[in-house]
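Mind docking chains G, U and V on chain B? Use the hints.
4 protein chains.
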Amino acid sequence: MEYRRLGKTGLQLSVLSFGSWVTFHKQIDDKLVDNLMGIAYDNGINFFDNAEVYALGQSELMMGRILKKKNWDRTSYTVSSKAYFGWRGKENKPNQTGLSRKHLTEACHEALQRLQVDYLDLYFCHRPDKNTPIEEVVFTMNTLIQQGKILYWGTSEWSAQEIMEAHMVAREYRLIGPAMEQPEYNMFNREKVEREFSQIYKTVGLGTTIWSPLASGLLTGKYNNGIPEGSRLGLEGFDWLKDKTYVSDKIEKVKQLTAVAEKLGTTTATLSIAWCVKNPNVTTAILGATKESQLTENLKALDVLPLLNDEIMQEIEGIMQTAPVFPQY
Amino acid sequence: MEYRRLGKTGLQLSVLSFGSWVTFHKQIDDKLVDNLMGIAYDNGINFFDNAEVYALGQSELMMGRILKKKNWDRTSYTVSSKAYFGWRGKENKPNQTGLSRKHLTEACHEALQRLQVDYLDLYFCHRPDKNTPIEEVVFTMNTLIQQGKILYWGTSEWSAQEIMEAHMVAREYRLIGPAMEQPEYNMFNREKVEREFSQIYKTVGLGTTIWSPLASGLLTGKYNNGIPEGSRLGLEGFDWLKDKTYVSDKIEKVKQLTAVAEKLGTTTATLSIAWCVKNPNVTTAILGATKESQLTENLKALDVLPLLNDEIMQEIEGIMQTAPVFPQY
Amino acid sequence: MEYRRLGKTGLQLSVLSFGSWVTFHKQIDDKLVDNLMGIAYDNGINFFDNAEVYALGQSELMMGRILKKKNWDRTSYTVSSKAYFGWRGKENKPNQTGLSRKHLTEACHEALQRLQVDYLDLYFCHRPDKNTPIEEVVFTMNTLIQQGKILYWGTSEWSAQEIMEAHMVAREYRLIGPAMEQPEYNMFNREKVEREFSQIYKTVGLGTTIWSPLASGLLTGKYNNGIPEGSRLGLEGFDWLKDKTYVSDKIEKVKQLTAVAEKLGTTTATLSIAWCVKNPNVTTAILGATKESQLTENLKALDVLPLLNDEIMQEIEGIMQTAPVFPQY
Amino acid sequence: MEYRRLGKTGLQLSVLSFGSWVTFHKQIDDKLVDNLMGIAYDNGINFFDNAEVYALGQSELMMGRILKKKNWDRTSYTVSSKAYFGWRGKENKPNQTGLSRKHLTEACHEALQRLQVDYLDLYFCHRPDKNTPIEEVVFTMNTLIQQGKILYWGTSEWSAQEIMEAHMVAREYRLIGPAMEQPEYNMFNREKVEREFSQIYKTVGLGTTIWSPLASGLLTGKYNNGIPEGSRLGLEGFDWLKDKTYVSDKIEKVKQLTAVAEKLGTTTATLSIAWCVKNPNVTTAILGATKESQLTENLKALDVLPLLNDEIMQEIEGIMQTAPVFPQY
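Protein chains in written order, with the numbering used here: chain B, 1 to 329; chain G, 1 to 329; chain U, 1 to 329; chain V, 1 to 329.
Quick caveat, the hints were computed from the structure, so don't treat them as lab data. Nothing false has been slipped in among the hints.
Note: identical chains are not told apart, hence a pair may lie in one copy or across any two.
As a list, the in silico DSBU-like pairs of lysine-lysine whose alpha-carbon atoms are at most 35 Å apart:
1) K102 <-> K300
2) K93 <-> K202
3) K70 <-> K130
4) K202 <-> K149
5) K300 <-> K263
6) K192 <-> K8
7) K149 <-> K70
8) K202 <-> K102
9) K102 <-> K278
10) K300 <-> K192
11) K222 <-> K192
12) K300 <-> K253
13) K291 <-> K102
14) K300 <-> K69
15) K149 <-> K102
16) K222 <-> K90
17) K93 <-> K31
18) K93 <-> K149
19) K90 <-> K130
20) K278 <-> K90
21) K291 <-> K69
22) K31 <-> K278
23) K192 <-> K250
24) K8 <-> K93
25) K93 <-> K300
26) K93 <-> K278
Just chain B, same shape as in the assembly (with noise of 0.2 Å):
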């Protein structure tokens, strides 16, 4: 396994990392879990991604239990939760969803019960809420950390302008400021990560722990022919991404891009993978698996990386044509 320093910070994460994201509850269970955490540990996984919306706090519960299961030494690895969406659904009261001190706060207090740990290593704000000023984020945040609850705090789907505010907050009160941001990034969104974050990565020394590497099963080729049942594009409540994804021109190129993965002895979801951790500003690519064949074969993306010379680089350019476009001064 290859570990990325975590922007500027000195926490180093596995290039792939772990994540529960509406893989737990709905889809799979305890014994599966287990399976599934204990092959990413062993291949050298150091971080579990989490958040207090995903499967409404059953995420937080299983991962909990697992761990504590494994019994594995907590400076082994890192865990993390997030904070906006609340957990209740539509039952979220005033106060129990956003940003500000009190959930912020109490979201916390819940996510170390669920996941049964002292500290949270990574705390995100899940989105951006603007009915709460930055500036108690960041103090909330800060004191979160002077208390000992969480180590490092990071942002997901922000603005650079929402992230550099943060910054701003932080410099100017001598706070603790944002480490990191969880952006989706693959092959088909790359504009954040590669234009929009691009000066800070420099500035302000941001790391990116970056989901939807497979632009949600797009990129393993498997709905070429139509979405089947049972897969995640066909579950209930996923028909943004259905007509956000379902796109005939990006099916076409995925199946260009297939031809590259075969030329390459690989998959087409272990190179679009791979294609995500060959950016250096990214830290870590969070996998979501839900069954042991593919986590293994995901993991296969650290043997694809060193096959990533420029000549495929371009290759796989000219196939997706989707690089960001900069000013021109």
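Relative to the frame of chain B, chains G, U and V by itself:
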């Protein structure tokens, strides 16, 4: 004339202002400029925009001569310059361009001499400069304010991230941050002003002095039947404008827009300018008229502004379909 | 016993202190350590130095057992730990070494458990870590102080530049900077303590807890006739000490030093220790005795100290010729 | 000519620059300096280095006369001065030397008058001054920048500790810290530039304007057969250089270096200069040529620079064996 505060500052600018971008030197002479500036001033315009690079210094020299001749009360108007490109053209040596303390300082001195004024009201970084730390820029601008050589400083064509980094540095070192940005803004180019900067108006109180309200003339409707010789797009050195803007579907939209303008009893150009200043986050729209009749026509935008009710705005939106898309959470 | 303020802090340390570097675990048992620590404490030593890496955690476990058994008033002594190398030896995983917030925090928790104390009086960064920003280190140490887990923090084998960078960050963010440094210091190794740090004692009030006052035993004179089996230099794993110190001209100097010691009616070791604490910038010299007789002998350095007048010091300088050279302006 | 950013600043200096250290006044006259500076400027050199003490003020007076006569665009070059030693020689009274606010301010005013310029681009503390708090130095330099009398300030022959203390003060009080250091650097003297400062280039972005790239002429090879009369080493007042450099084993190394130079088709001096600027942490190497032929020859270092591949660098290292030793952890 309507006046608006420049962001959160106490300075008030006329909502329409007069710029000399490419208009001076090559196309027009002192006599014409004398008339144009007189019309502008007499109609309540109090902001005259300039830059070291406009006509390689000749634009500021000419404006300086007219200002001296007019002998208006110095407190009755504001004048700007911008540094970055230098004004020696291809003869620029190291440190004669960019945003180093040396160039920002020397360019300020030179602009003061060319414009024959004791201080600039507004001083802009004409572009971002990746080879100079933003910290050096903020310190230098603050020093120029301390020395009384400029009153407010700002940026032009900076990203939201860069503007926020400047404010981060300013807050950290207790310096005066940028008060305004000069972005391109018109019906065809709305991304920066409407989406990317949307939070900055509130968080740090950004003002905007927008340029190209007519999209290099495209929104006057005069290119509907091709590019006539002698027009700005036909001038030497503007091939990039030609490539960029001469798109048939844009022309098609302008034609539809013309129908709206006629319905309102005005011209396409006047409607387009009024549309820009309808946006309350626009402090002032810089006019680049090179004929007296043009300028007089442009000024009628103030009369059109009250006509832009919700219905008309939606009709325009239906034609242009250029409103930025925001994230959905 | 003489006590000195730890740099500019209000904490007073005995000028001689007791360290467990390599002494515990491999060579000695609980019974002996019980006696050694008893002698030290009864003679007024109030600083017991330790580190996570010493005997891979066993050193702290043993000292913890003795401290619990002795049941001395917690306010009557000070105890330290140091983080950086980890204690799992070759089994160290990412984040189980270095100076990241995660390791510094977790190493502190673990040291508190091993030593069976509620707080460390002194907590050291055992080495500099180029992969963690010093900013992160200072913030973390300050947080541990805020949490009551440590009282003072410092460094070991950091350069003057690195110590000053820590103070730069501390001043910038209004945090508590490092109070002390633990460098090697003895008659053969004077560069850091006497030249490199010379300004820091004044500027930021650095204290020093020096190690190896006997140059790994070389200054006891016991290697004058070669390395006997069972001595520290003869032990497994210290070949580097052997290479580093077993130099014939050093032995020659030690022989001449022995004559001085005899003239003063003391031993070479005792003289060498006294010479270290003659330097007022040395807060305390850490003794590493592993026999009761050694420790008792070492403690006589306090009686030798008053004998070190200018004449004797010059005689020693004449023999050693190791005084650092300063720039001449 | 190649240009490099002065550390992290936005200022660009030519990688070779022109200094007047001991060259002016004693040895040469206006006519010669006129020619030398003309050659330098025409070859793209944009940094002219000076100091109050050089030829006790005569050096700056002479350079001032030439700059006035040349009438080059002030924005096309940079000029420096340095304060510390005073220029009245043995007649210096209290406050006519050192780094007090009084002397730094008065020395700046005097240098501006001698050089006949409105501001210095670079202003150096010529040495550290233990009798003036660094806080006073930083405040004074910051004030001179605010007053527009200097643009960037730096140090010469300061230790890493002292430079960091200046930055500590700057961060604490939100002032502008030192941007550059002027150390001695050549194949024989590498400790400071390569080891002591190694972290500072990254942490605070230090630039370096190195002096004595030829080790007082030793690296020209001209002393291989003894010190000829009329050479710099033979001049009155340079006995310390004589003692310092006239070491037979150094001469031996220079002889071997000459063979390398001949293999590359260049001279020992030119190779030695190219070697200095091969180091990317060197912003500019100051040339001290006193003959037109020398200067022209020195400028050829830019042609030699691309020839210094890994193989050649290792061959030189094998001859010189002067690479600094770093701590091993």
